[in-house]
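Novice: In order, the protein sequence lines correspond to chains A and B. The UniProt record's numbering puts the first sequence at residues 1 to 555. The UniProt record's numbering puts the second sequence at residues 1 to 431.
Check the hints yourself; a few may be wrong.
Cross-link-like lysine-lysine pairs, in silico, DSS-like; alpha carbons within 30 Å at most [stated by the list, open to error]:
no.	chain 1	residue 1	chain 2	residue 2
1	A	Lys368	B	Lys216
2	B	Lys284	A	Lys413
3	B	Lys284	A	Lys540
4	B	Lys233	A	Lys368
5	B	Lys354	B	Lys342
6	A	Lys533	B	Lys424
7	B	Lys311	B	Lys216
8	A	Lys533	B	Lys269
9	A	Lys510	A	Lys540
10	A	Lys347	A	Lys297
Calculated directly from the structure, the hints in this document are not laboratory data.
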Amino acid sequence: MMNHHDFQQDPDDDDGVMESLLLHDEPSNPLQPPPNPNPNPKPDHHHPLLPSTQSPKSPTTFNSFLDPPSYAEAIFTSFDSFSSSSSNGTNHSHHHNRNTLTDELPSRSGSGSVSDYLYIFVSDPQKEQETSASLVPGAATTFYTYLITTRTDLPEFGSSTSEFAVRRRFRDVVTLSDRLAESYRGYFVPVRPDKSTVESQVMQKQEFVEQRRAAVEKYLRKLAAHPVIRRSEELRLFLEAKGRLPLQKSTDVASRMLDGAVKLPKQLFGSEVATAGELSEVVQPAKGGRDLLRIFKELKQSVTNDWGGSKPLVVEEDKEFLERKEKLVEFEQQLSGVSQQAESLVKHQQDMGETMGELGLAFVKLTKFETEEAIFDSQRTRASDMRNVATAAVKASRLYRELNTQTIKHLDKLHEYLGTMLAVNNAFADRASALLTVQTLSSELASLNSRIEKLEVASSKIFGGDKSRMRKIEELKEAIRVTENAKTCADREYERIKENNRSELERINKERHDDFLSMLRGFVVNQAGYAEKMAAVWEKLAEETTAYSKEAAEL
Amino acid sequence: MKMSTAPYDLEQQQQHQRSGVAASSQSPRSPSSSTPFLSVSVTDPVKLGNGVQAYISYRVITKTNFPEYQGPEKIVIRRYSDFVWLRDRLFEKYKGIFIPPLPEKSAVGVLKFHMFWFITAEKFRFSAEFIEMRRQALDLFVNRIASHHELQQSEDLRMFLQAEEETMERLRAQETGIFKKPSDLMQIFKDVQSKVSDVVLGKEKPVEESDPDYEKLKHYIFELENHLAEAQKHAYRLVKRHRELGQSLSDFGKAVKLLGASEGNSLGKAFSELGIKSEILSTKLQKEAHQILMNFEEPLKDYVRAVQSIKATIAERANSFRKQCQLAETVKLKEIDLKKMKGKGCIDLKSWQKLSANIMRQLKTESEQATKTFESIVRLMNEEIGRFQEQKTLDMGIAFHEFAKGQARLANDIAGAWRSLLPKLEACSAA
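Just chain A, with the same shape it has in the complex (with noise of 0.2 Å):
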């Protein structure tokens, strides 16, 4: 009996004694959830394989007690799956990754009705060393590894098997993130977690290591959902790549400081001949460390941009994404207002469902007491009803805590929201600097031009020619040349860039308007539902003491 189990897991006895008394005096025993098993796995179950993991330790045993039991979420994941399996006929693999806690796994052979599926699972942290070739002789830092284990039936992934699994650590997700990024400017990649260094000292390290681990597995998660990214190089190099992760992790500052200052004096006298390589650094912004004089000259641009009273050469003129940018900025602003409310509403449902719990236990102390005090059979009658309203109190109490547990779901789909946002600003960013480029090599080539025409003008009044200023055009037409090509690939590249913003704005605008429906839909259900379970509980115990009512109309 599942009851009894609670019970040898309360370490005070006297509360154990306390709903005891509720419970085994209850001939149909209605505390006990009805043996009904939840065939979905529980909320917090990542991996078939794994122990799941454990709810936040609650201090009271009363709480521990009221541990809210599965055949409540049976009756409502009925909810989110219906509204999930309606939403299947559009994006068909994009459903299928979106690894909503109430999907199932599909079975090993593979069923032919989910196909390009790509399921991502982070467990079993531990601990290595690493004897690092630092200052300190002989010192290792410890960090930890998680393994990373993959399904999926993508024909690029060159695994014999449909499931393999690699060990990465946290870095090793920095890397990833750094190099899509790169690749994938003007997308909405989604925002890897922090790396958050101040918390890791002030949590215990298990709870630490555990939170990382699940906020690495909804990333990778993520980037599995994301109809683009999904199918990047890196991510499956992350994924599948054994051993090291063989993806260039981003050079540290003194290298590029090296390579800037072999660089800096071809930038300078703008003499050298564009290479294919050199011309794809045009491609990627300015770094700091590299490319120093780039970066000089875009920040002057920026600044002529801000305060300069001439409009850039070019400007961004696509009205649309100026309106839609400035509907989503808007958007970010309410989504963050209802965030946090809905924080609040669930603090506040919690502490309702606690002090109900309270009450309920207060009620069954007197309970216990009236009982084994009874001298008059009013006591004993009193014991009776306050029985019933502790027993009504404790179910209320325990609906309260599974209707937030269920709430909380729902409302985090604000969360991701507002995390997508960081990416959407990421895309942004990527699109405003890429047009930065494009305006730092109009103003470069308009300067050129116009020093051309100024030394051509020069030489014209000299008989016989300049020799030293003609070579000095020269030079300058072949500047002019190689910044030509640079711009050409700059407006290339700021074109992909709109287009990957203008598209992505697209999927997310459809997908928003999914995901905000079904979440309202879950909600408002979820709400509803409890509600019309804690009005039975209440109508019940109305009933038991209805009695009084008549009596007192009596009178």
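Could you slot chain B onto chain A? The hints should help.
Specialist: Chain B only, in chain A's frame:
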């Protein structure tokens, strides 16, 4: 509790619930009937005076056919300290009877409880609320006295209900009652409890009854107060939680409405509807909070007060027992004393006999009186405790029923409001 508009009816309703077993002797709706009845209302709280000396006055309306009373109706103005006077007089005169409890004197104690209410509007509402709660409690107090078969005969009650205000003021000033301050009451409790520790420390011989049933009762009463106080504390917190959740839902609704407005399309409309529903439910939560306060928390508080009143009676019984024992001791000692005096021979036999007889007669009368008083207290308490238990089962039953109804109503309202949104959401997804 049916809420009817006529205040008279409401008073009647409340009285019906309060009177319990003793109600059968009254039929207040037929003032001209021959069965004796005494019906009282405490109404119309009005703030009088300024600043520090401000106080609340109440209209006390008495409808009766008791011969000693000025019938059929009399209205007087009373203030809280008048009620205290009545309680103290009854406590003194009717030892052994559980005097109905009074609500706490000032709002300060209550304010401390309410300290964490952060919204100014709440505070105002609470103070009007407090006044109303106190009025109800005072009304209950007087009616309980009026329906108690012994207490209703009290001359002090008649004074309270009938005397002119000036007379009342004079009486109040004369009061040399035991309960000048709450601290006096506390002192008595401490005396009762300190007796135990004194015995433990071996300070003095225990002058306590050795009745095991009575010991059990005392233990029961003291324990009961603790349990009830805890239940009442949580009931009060539940009221607060309803208010907080209501506020939270209201804020949530506002934020969701803003989001809906910025979205614009059908989804935006859905959000707006959600926001509106949230605000509606917020109001319902606030209402329910008030209901819980009045119909559930207050009866629990009343129960606690009643138990505290019983503790005062217990203390009184202990006093009386001690007095009885002391006087019995004194009689014995005096007899010995007088014998010694006789033996010493400093007084002639006849004078001694006269003196001795006078002294002993006086002492014996006192001793008998003390014994009678004590025995009367024991007898009355035995009667009272059974009645008390019955009354409390009834009172609590009503409170539980109202609580259940209120919660069920709230839950159904919530379910209804959310369900009504679903068709609108369906319309959105179809679009």
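Novice: Each hint needs a verdict: does it hold in this structure or not?
Specialist: Hints, verified against the model:
no., hint, in the structure
1, A:Lys368 to B:Lys216, "holds (16 Å)"
2, B:Lys284 to A:Lys413, "holds (27 Å)"
3, B:Lys284 to A:Lys540, "holds (21 Å)"
4, B:Lys233 to A:Lys368, "holds (19 Å)"
5, B:Lys354 to B:Lys342, "holds (12 Å)"
6, A:Lys533 to B:Lys424, "holds (23 Å)"
7, B:Lys311 to B:Lys216, "holds (13 Å)"
8, A:Lys533 to B:Lys269, "holds (28 Å)"
9, A:Lys510 to A:Lys540, "violated (45 Å)"
10, A:Lys347 to A:Lys297, "violated (51 Å)"
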